[in-house]
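Undergrad: For chain A, the structure is supplied; the task is to place chain B on it using the hints.
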Amino acid sequence: GENVEQHPSTLSVQEGDSAVIKCTYSDSASNYFPWYKQELGKGPQLIIDIRSNVGEKKDQRIAVTLNKTAKHFSLHITETQPEDSAVYFCAASNGGTGNQFYFGTGTSLTVIP
Amino acid sequence: GAVVSQHPSWVICKSGTSVKIECRSLDFQATTMFWYRQFPKQSLMLMATSNEGSKATYEQGVEKDKFLINHASLTLSTLTVTSAHPEDSSFYICSAPRAGDHEQYFGPGTRLTVT
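Going down the list, the sequences are from chains A and B.
Sequential numbering from 26 applies to the first sequence in the numbering used here.
Sequential numbering from 130 applies to the second sequence in the numbering used here.
Accuracy of the hints is not assured; some may be wrong.
Stated by the list, open to error - Straight-line Cα separation of at most 25 Å, SDA-like style, residue types lysine to any residue; simulated pairs:
| id | chain 1 | residue 1 | chain 2 | residue 2 |
| --- | --- | --- | --- | --- |
| 1 | B | Lys170 | B | Glu216 |
| 2 | A | Lys82 | B | Asp230 |
| 3 | B | Lys170 | A | Asp109 |
| 4 | A | Lys96 | B | Pro169 |
| 5 | A | Lys67 | B | His136 |
| 6 | B | Lys195 | B | Ala228 |
| 7 | B | Lys170 | A | Thr35 |
| 8 | A | Lys62 | B | Arg240 |
| 9 | B | Lys170 | A | Glu64 |
| 10 | A | Lys67 | B | Tyr187 |
| 11 | A | Lys67 | B | Phe168 |
| 12 | A | Lys67 | B | Pro169 |
| 13 | A | Lys67 | B | Gln167 |
| 14 | B | Lys170 | A | Asn78 |
| 15 | A | Lys67 | B | Ser183 |
| 16 | A | Lys62 | B | His231 |
| 17 | A | Lys93 | B | Asp230 |
| 18 | B | Lys193 | A | Thr35 |
| 19 | A | Lys47 | B | Pro169 |
| 20 | A | Lys62 | B | Ser138 |
| 21 | A | Lys67 | B | Gly182 |
| 22 | A | Lys62 | B | Asp230 |
| 23 | A | Lys62 | A | Thr130 |
| 24 | A | Lys83 | B | Arg227 |
| 25 | A | Lys47 | A | Lys96 |
| 26 | A | Lys62 | B | Arg166 |
| 27 | A | Lys62 | B | His136 |
| 28 | A | Lys67 | B | Lys184 |
| 29 | A | Lys67 | B | Thr242 |
| 30 | A | Lys47 | B | Lys193 |
Hints in this document: simulated from the structure, not taken from any laboratory.
Chain A extracted, bound-state conformation (with noise of 0.2 Å):
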């Protein structure tokens, strides 16, 4: 099966500085990486996904780039905010409606003012 790993577990940046969490995946037929936020006490929420046919997506402050051959996707979030703080997970998918997810551990996102 799929095996997803995310790193670093805990990241501290300043306030305005660029964040960076990256993921690897083994299954080459995951085609689907979305990104999740988590806040204390409440349910993952998608800000960026991305698509095996495209290298690189960007929202805002937030990009997800991707590389195939290697296996291994990244979020990018710049000039960041104390409301960033949360807990980032990735995951991948070998896509269609009812598949299933396969989440990284997770990574602890600390945006000191």
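TA: Okay, now just chain B, sitting in the frame of chain A:
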């Protein structure tokens, strides 16, 4: 986006009792729903896949007789924790994919505390 709700948001029950958690897709139909368990500072662990009109599929190591899943309709799945014990205390989250979407829509989670 699509909305998934869970009820209750938190529940406290005594050891040995059963508790039911509901997961509803509010504005779309979901033939499949997923149930996850999350311990503090850990990732989401898939417990089972709930299928409307058929039996749930449980992940290895998850006791199907303890965690009963019923997908009663295209908008409702329930997870019943039977004979709960303190070690069942956890954060339970459901998700549902919408037809045509790769994305899964997550509920807000249910905090279960067994005393």
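Undergrad: So which hints don't hold here, by number, going up?
TA: 4, 6, 14, 15, 18, 21, 28, 30
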